[in-house]
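Same order as they appear, the protein sequences are chains A and B. In terms of UniProt numbering, the first sequence has 192 at position 192, counting the first letter as 1, and numbering is strictly consecutive. In terms of UniProt numbering, the second sequence has 258 at position 258, counting the first letter as 1, and numbering is strictly consecutive.
Just so you know, these hints were derived from the structure itself, not from any lab. Among the hints, erroneous ones may be present.
As the list claims (entries may be wrong) - Listed next, the stretches of chain A that the computed footprint assigns to chain B, with coverage defined by at least 3 CB atoms under 8 Å from CB atoms of chain B: (1) 33 to 42; (2) 53 to 67; (3) 103 to 109; (4) 187 to 194; (5) 229 to 241.
As the list claims (entries may be wrong) - With a Cα cut of at most 35 Å, we get these calculated DSBU-like pairs of lysine-lysine: (6) A/K186 / A/K252; (7) A/K36 / B/K121; (8) B/K5 / A/K186.
The beta carbon of each residue, even a glycine, is placed where N, CA and C say it ideally should be.
Take a look at the letters that make up each chain.
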Amino acid sequence: MHSQGPGRPSTVFAYAAMIFLLLPLLAVVPVSFTSKRYLSMPEGNWSLRHYQELIEGPEWLGSIWTSFSIGLAAAALSTFLAILFSVGIWYRQSALTRPLVALVLLPMAVPPIISALVLYFFETRTSLYDTLGGVVVAHTVMAVPYAVVTLMVALSQVDRRLELASRNMGASLWQTTVWIVLPNIKFGILSAAFLSFILSWEEISVTLFVTSTEIITLPRRIWSGLRENIDPVIAAISVLLIVVTMAAVAVKLAVEGRSPLRRA
Amino acid sequence: MDRRKVLEWTVFVAPLPVLLAVSYLLPLLGLFHWSVTEPSPGLGNYVRILVDPDIHAIMGRTLRICLLATVVSVMVAYLLAYHWVFGPLWRRRFIEICVLIPFWISVLIRAFGWLIVLRPKGLINDGLMAAHLISEPLTLVRNDLGVVIGMVHFMIPFAIFPIVSVMRQIDPRIPAAARGMGAGPIRRFVEVFLPLSMPGVIGAFFIVFVFTLGFFITPSILGGGRVVMLAEYIFTQMSQTADWGLGSALSVVLLLFVSAMIWLLSKLTRVETLIG
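Please build the complete structure, drawing on both the sequences and the hints.
Okay, here's the thing in structure tokens:
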């Protein structure tokens with residue numbers, strides 16, 4: 001079977017599946033160039049008016065900026081906390097390690113709707129509700145398990161004798177961390193930060209619960225647009241996001257030199 | 001460890017668990033508490049879940065749609081994983097592009113894309129009408145079909161990773177041996193390759209099923225308020241009806257069900273093999 005490779009009927013189905021995966025992303029492109037006010041195919045009348053609206057309307061630019069700054073802050077916070085935690089765990093295993101790791105990974109296993117409720121209850125009781133800081137904290141909680149997993153994988157490939165050598169030569173734990181451990185996991189750190197940024201940038205379930213009128217992230221604005229009247233501006237912003245995402249993934253693959261499929 | 005070392009270790013390890021204990025674990029326990037205290041102390045909310053036919057209908061629909069979406073996602077993912085592992089190089093590259101790009105793109109944009117394709121004046125209906133194959137637009141969205149399509153599209157990448165991981169660990173000499181002993185391609189697949197790849201299929205099934213149960217963005221956009229599933233129902237209980245007791249109790253039920261599924265997965269297959 002393997003020497004021959006997959007047969008013809010199964011190849012046809014595989015291509016159909018690939019078209020299925022790309023179809024909704026490709027369909028957005030022509031709609032974003034329509035000259036009409038409502039969602040439609042351009043039908044010969046191509047126009048950039050919806051892109052213009054995107055650039056000129058203060059709401060969309062404001063939301064892009066809000067999401068971008070929240071994403072940077074959440075990525076920085078979650079990467080920093082994840083580094084401390086996973087390096088600490090890597091230095092010394094204890095009876096506490098397993099329950100602590102389970103606690104840290106909890107938000108990854110719990111359904112998003114429940115995480116949203118949990119963070120809503122937390123933020124309404126700490127006056128973080130509907131504030132910039134509140135969204136950063138909520139996004140950090142949601143992204144940090146992925147950052148920890150990424151860093152633990154990176155650390156599992158570091159030679160433990162490096163730490164012992166550094167400690168034997170009199171370096172403190174902080175010196176060892178900064179000069180020995182962190183340089184050895186720098187790609188893991190970049191990866192964790194990238195993943196945290198993307199998770200925050202796209203986060204919607206939790207954001208719906210912890211914001212109301214003050215903080216409108218980009219996904220939240222898209223969500224309202226989709227629920228009320230569907231404006232072709234959403235198609236324009238979708239095309240921009242698809243292009244940016246493709247570029248970011250290309251950079252990520254170039255930096256790491258492998259895709260999650262190949263690692264699998 | 002002497003005291004100074006313990007202190008150093010604590011400075012590293014403590015901050016993240018402390019943050020999560022305060023912001024996540026405590027309110028999660030609070031959810032259990034509210035489910036038996038709001039609006040009045042007792043098991044009233046759970047009794048309501050047991051007897052209310054509307055809630056049963058929502059749970060039945062959730063299970064039906066999630067199971068269907070899971071089975072279809074895993075089948076398509078199996079096909080793509082098979083081609084990814086055994087297909088020619090350029091096909092593998094193309095599959096990678098088709099899987100990874102949607103994987104990284106926002107769930108909202110993916111749902112929006114399906115809206116454009118499936119709605120009454122969308123790509124598919126316009127195409128079929130122009131070809132005179134139909135005279136009335138088909139209802140492809142704001143119903144179960146639209147929700148299942150959107151969910152399958154979202155879940156395929158998540159299902160491919162564990163299946164690819166297990167398929168790559170299969171020793172190619174085993175199917176080759178079956179071939180040497182005279183088994184035809186169908187028999188080699190059904191009796192040798194499929195059973196060997198089952199841990200990946202089981203893993204993918206549970207991962208996708210658990211994920212679909214709790215997610216509400218795709219169902220609320222593609223269901224358009226007509227296909228209300230458990231997560232969206234909890235959302236409305238909390239944000240519109242303000243029935244926190246019932247919303248909390250339903251969350252607890254969902255959480256217990258999901259935990260049972262994850263436990264079952266850990267019993268059925270070794271989780272490490274799925275990560276590879």
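Outcome of the hint check:
Coverage of the segment 33 to 42 of chain A by chain B holds [criterion: at least 3 residues with CB-CB distance below 8 Å; count 3]. A count of 0 residues in the segment 53 to 67 of chain A with a Cβ less than 8 Å from any Cβ of chain B is obtained; the coverage claim is therefore unmet, three being the minimum. Look at the segment 103 to 109 of chain A against chain B: 5 of its residues bring a Cβ nearer than 8 Å to a Cβ of that chain, three or more, so the hint holds. Counting residues of the segment 187 to 194 of chain A whose beta-carbon sits less than 8 Å from any beta-carbon of chain B gives 0, not enough to reach three: the coverage restraint is violated.
For a cut-off of 8 Å, the count of residues in the segment 229 to 241 of chain A with a CB near a CB of chain B stands at 5, and the three-residue condition holds. For the proposed pair A/K186 and A/K252, the alpha carbon gap of about 13 Å is at most 35 Å, so the pair holds. With a C-alpha separation of about 14 Å, the suggested pair A/K36 and B/K121 falls inside the 35 Å cut-off, and the hint holds. With a C-alpha separation of about 26 Å, the suggested pair B/K5 and A/K186 falls inside the 35 Å cut-off, and the hint holds.
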